[in-house]
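Number of protein chains: 6
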Amino acid sequence: MRIHVINPNSTASMTDQIARAAEAARSEGSVIEAETATGTPASIEGYSDEAMAVPAMLAAIRAADKRGASAHVIACFDDPGLAAAREVASGPVIGICQAAVQVAVTVATRFSVITTLPRSVPVIEDLVAHYGATSRCRRVRAVDLPVLALEADPATARAKLLAEARAAIREDGVDAIVLGCAGMAELCAWLSREAGVPVIDGVTAAVKLAEALASGGFRTSKTGAYAYPRDKSSDRLASGSTG
Amino acid sequence: MRIHVINPNSTASMTDQIARAAEAARSEGSVIEAETATGTPASIEGYSDEAMAVPAMLAAIRAADKRGASAHVIACFDDPGLAAAREVASGPVIGICQAAVQVAVTVATRFSVITTLPRSVPVIEDLVAHYGATSRCRRVRAVDLPVLALEADPATARAKLLAEARAAIREDGVDAIVLGCAGMAELCAWLSREAGVPVIDGVTAAVKLAEALASGGFRTSKTGAYAYPRDKSSDRLASGSTG
Amino acid sequence: MRIHVINPNSTASMTDQIARAAEAARSEGSVIEAETATGTPASIEGYSDEAMAVPAMLAAIRAADKRGASAHVIACFDDPGLAAAREVASGPVIGICQAAVQVAVTVATRFSVITTLPRSVPVIEDLVAHYGATSRCRRVRAVDLPVLALEADPATARAKLLAEARAAIREDGVDAIVLGCAGMAELCAWLSREAGVPVIDGVTAAVKLAEALASGGFRTSKTGAYAYPRDKSSDRLASGSTG
Amino acid sequence: MRIHVINPNSTASMTDQIARAAEAARSEGSVIEAETATGTPASIEGYSDEAMAVPAMLAAIRAADKRGASAHVIACFDDPGLAAAREVASGPVIGICQAAVQVAVTVATRFSVITTLPRSVPVIEDLVAHYGATSRCRRVRAVDLPVLALEADPATARAKLLAEARAAIREDGVDAIVLGCAGMAELCAWLSREAGVPVIDGVTAAVKLAEALASGGFRTSKTGAYAYPRDKSSDRLASGSTG
Amino acid sequence: MRIHVINPNSTASMTDQIARAAEAARSEGSVIEAETATGTPASIEGYSDEAMAVPAMLAAIRAADKRGASAHVIACFDDPGLAAAREVASGPVIGICQAAVQVAVTVATRFSVITTLPRSVPVIEDLVAHYGATSRCRRVRAVDLPVLALEADPATARAKLLAEARAAIREDGVDAIVLGCAGMAELCAWLSREAGVPVIDGVTAAVKLAEALASGGFRTSKTGAYAYPRDKSSDRLASGSTG
Amino acid sequence: MRIHVINPNSTASMTDQIARAAEAARSEGSVIEAETATGTPASIEGYSDEAMAVPAMLAAIRAADKRGASAHVIACFDDPGLAAAREVASGPVIGICQAAVQVAVTVATRFSVITTLPRSVPVIEDLVAHYGATSRCRRVRAVDLPVLALEADPATARAKLLAEARAAIREDGVDAIVLGCAGMAELCAWLSREAGVPVIDGVTAAVKLAEALASGGFRTSKTGAYAYPRDKSSDRLASGSTG
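Chains as they are written, first to last, in numbering that gives the first Met the number 0: chain V, 0 to 242; chain S, 0 to 242; chain C, 0 to 242; chain D, 0 to 242; chain G, 0 to 242; chain E, 0 to 242.
Derived by calculation from the structure, the hints in this document are not laboratory data.
Not one of these hints is a red herring.
With a straight-line cut-off of 30 Å between C-alpha atoms, the simulated DSSO-like cross-links for lysine-lysine are:
id, chain 1, residue 1, chain 2, residue 2
1, G, Lys231, G, Lys221
2, D, Lys65, D, Lys231
3, V, Lys231, S, Lys159
4, C, Lys159, D, Lys221
5, E, Lys65, E, Lys221
6, G, Lys221, E, Lys159
7, V, Lys221, E, Lys159
8, D, Lys231, C, Lys159
9, S, Lys221, S, Lys65
10, C, Lys221, D, Lys159
Reference excerpt, derived from the structure (chain C facing chain S, CB under 7 Å, subset only):
id, residue
11, Pro91
12, Thr108
13, Gly131
14, Val196
15, Pro197
16, Ala211
17, Ser214
18, Gly215
19, Phe217
20, Thr219
21, Ser220
22, Gly223
23, Ala224
We put the beta carbon where it would ideally sit given N, CA and C, even for glycine.
The shape of chain V in the complex, shown without the other chains:
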């Protein structure tokens, strides 16, 4: 099985961390193909970053799908372009937010998400709502650090993350924490030990679900809104000269 993991932003060191988390998560027999998108923003911190990253990401997914990838993981917690990716791929496409939410509602009764910047809070709240998990998600919290600061200043990141996790347990009454950024993947095991509750990293969750769906023979439906984009070259010709 070949799991294609695409980092939609253009920061290679972040792809490296994602790849390490994916490698640690993969089953024997799976191959992780981690890839950095080209010409996209250095980090995804809002709607326009997402929008600017998606076309290059779709090209990478389309290419990997043609090369025979078994499944695709979009390694950004905003799940940018997830529906579009499902249109261009035949294998299953997993977003790390959706994957983390599916795992969270399976192993816990209530969870909170901890993300980077406050501006991502409504983005993630809306995603969680779209995935039908609003009643299970107590709160989306932010440590108020840019995505790249997770890597640039890990000591601060760890301290803020742990403080926020403890606040979530104490104030929100949750029995699990979801990490709201792909760049937090390597802090997962440490945070779980410190906080004393399951901490769910979306990269790990997504790699496992990607393997599960691919090996279970589940593929993206091509008869509805996830069908391949139409070829429109003959739309006018077909309709004739009445236009």
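Model the placement of chains S, C, D, G and E on the given structure of chain V, informed by the hints.
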């Protein structure tokens, strides 16, 4: 007041129709600046068409905002890139789906949407849900014609549209119809006469709301998730050598 | 265009303030016809105040509609009698709560409402839910001052309003504030400057949307639940002597 | 126990029918005080009929509450003025729609409502949603007869009601029917026998719940939004001369 | 009327308290048949306690139904086995949580629930959601005492309950409190006096609703998902030898 | 990895079919431990069948967990006792309905469920709602055959299943079908070929997700409502003599 109307697809004749509808709708004193996006799909028929159209559309909106546009209208019923556009603009940004829904819930108790292709049905249903109008929208219907066929084969388009509108009134019990494609704008008055209920065209609705918000002094909030994208050039430097 | 603005309560000085806000908001070419309801409660502070105000308000709307008003604004944040008013009017009828909510979800991602008395909190929460904006509205807050105290003791009103707005930004994480009482209209610009986020006054929002709908040719649907009330004088006769 | 049953419309023969249903439903020891509102519409068929009926209805409830009524039943399926009535009463106030819905979700898994005119369908759908029962209510159906025709032409009413009930069972898959008009009360037992499922009449349901709440010592809370209306006579004086 | 009240746990002293509350609530002419389930957990504090209690509880309900009970009350706030009980009974079956919620939304606009252990909070939140009252219920709170400690250490229980009720009024802004455990029934009147708002005990609410439904002639529908369990003894025979 | 698959009903031939589907789905290196519950109903067709099956099922899960099972699958589409099972297990517990829904929302935009008996329709609708997928699930359909007839009369089962699947595609506009009964597992591949859309079998989905969660190191949270049941033996003693 200058209302910037961007057609995210690259079909100029469709922009022409949209511009005519916008011109007909504008108030005295408003100027319509209609624009066709460059290098985007010929029509927006699904998630990846949307995704491929958004970066060029955002560039156009950003430029128009700098030139002093009072407000922006995204003239595609999928409201592609609406949140991202609000991030890059200072003036209000109106999506024609959101505008049509806001008008529909003001003048009617229940409505149905009629769009082009069946693959757009879940796209629009999810938008309507995101706008909080699920309980007001009885059904999203499709005439099963490609977007460009509306223009290429208008006789068929009219016949199918009227049949579907009558079915909506009879079967769904609605007191208004929303046109689910920017390319249907010029059929609005005719369809309303034939069907006997208000028919809401999103281009008209959006132009009027754009004028309303702009002249009312309402501008996009820049303190939350619609703040301008961050400049990330110094993210690593600022964090020092700990990275 | 003639915009009929009805204050459902009987306090003329409040109508004056509403009229000044409406005048400031109107477009060139629009005429504001502000009117105080007759024989209604001095302020609308709860469900029975609403109920007692509606019949006189409907009479005023019916009369204005006959005189040729282009649209109607109900200038009370509880939107009392909004659906009933749509039944008796042919032009569009705008409630200031619904208008403010429609503007808020267009220019911001999350908002809080600030109203007068705590007893109005559930009233407004239920309205916001009915308008489909629950997930966008973080909280409905109250300054705990009667409606008429806004006018009678403006210094206290300003201080409490600003404190509550700052609490909303800090605790609720909102990027916009909605003023939850028509009597707060003239504090809008000041509060927005002080609080540093868009502050949305429903009277302004409603006047702009009323103009937008009227000049866009949108009128209340008369084929469904907003149809004119039936004439029942012959119900029994028509049914014959079997009753 | 004295159960005050107010018919908000002004048709005395309909009050008679309601009173008979209430008498049949009451427990030994209860007294039914049925009353017709004065100067209200002949039937409640929409939002403005509701609005015009509520002030007189509130006056009747207030008076009955002072006379010592144990509880109040609003005998119109639109539950007009229910929240306002709770403000002016100390005893519990029961709406026949809310009561019927509470009974329906207790004795059945899915129900449909059958009302009179199609224009009442969205009114009742919104009520059912407000009562949190949308997922339990399959459909609101209308026999397309005016309220007063139920009495004037009972043969037609019975035939249409039975046809609609059978359609609800067959098409909606429901295991109970709710009668969506106070004027249908006396057809309840007959319809249940003919249709073969429980048929719930709101008048009966409301009388039983009114007795239950009154004898259980439950009274309307007076500390929140159902508190008595404020006396505003001193609002300006109390605030001093700054106004 | 004979009201069968089943305590699903096996603690007889708790049944005694429930029986006293039910006796105090019953109408003249009603007989309370209180019963302790046999071989079930000593208290219901979570999902598996519920599951282990239900079979014995269903046997008790089935037997009481055969003996002619008019209605059944499940006297545990988790409403364990409520749907299953409706399958095996012909009379109405009332859960004390559902009953308390129905009363709360009738007499108040917003309520909070106070239960025993924090682990019951998501259980009750999900129940309240299932009953459609999420928007009315501000918060489910826990005093952090085991169920049996209510009886074993009443002084602590009272102090914690009152503190939590006052916090609910102050922080949640509620106008009613719902007691979230059958073992709190006898503290109801005292807590209401101390807290100054209506306090709703589910046992009382359920007994009153059980009487109401039974005397109103409402019985559990037997044509849908609450039909009696099928006899499957001939399923294979009937299908013949093809299996 | 050892995946414990428990069939909550007592029909061994059905366990055999489930075991074959699980074997076909498992990854190399996984071991399927399929087990039939003892003393439970022959099939699960409603709420009381569920309730009667759960205690024995919990005992089996508890025992398998102690023997070192990596994860547990509850092989009945009603997901009976799912939350209770999570309380008594340390490994993840997967219900086949929840698993199928999670796969369906990943590979398709809209799905319908096809189950056996009409009485299971509301049961499954409520489950789908609890899992947050109501807006994705167009309809729950029933072939109107008992569970055991799937095995006893496979020809009829196939014909009815295919007819219903085609109706779902045509009438509901879905791009995937979910099989609503564990006993349909072996018809999955055939039905998908015939119907032309992905058909999702819950047993396969659940085995794959069980492997994914177990190998990803995700375990059931033990700090919230899924904590192990409390030992209550000392509840009264601990509280001392004040009781």
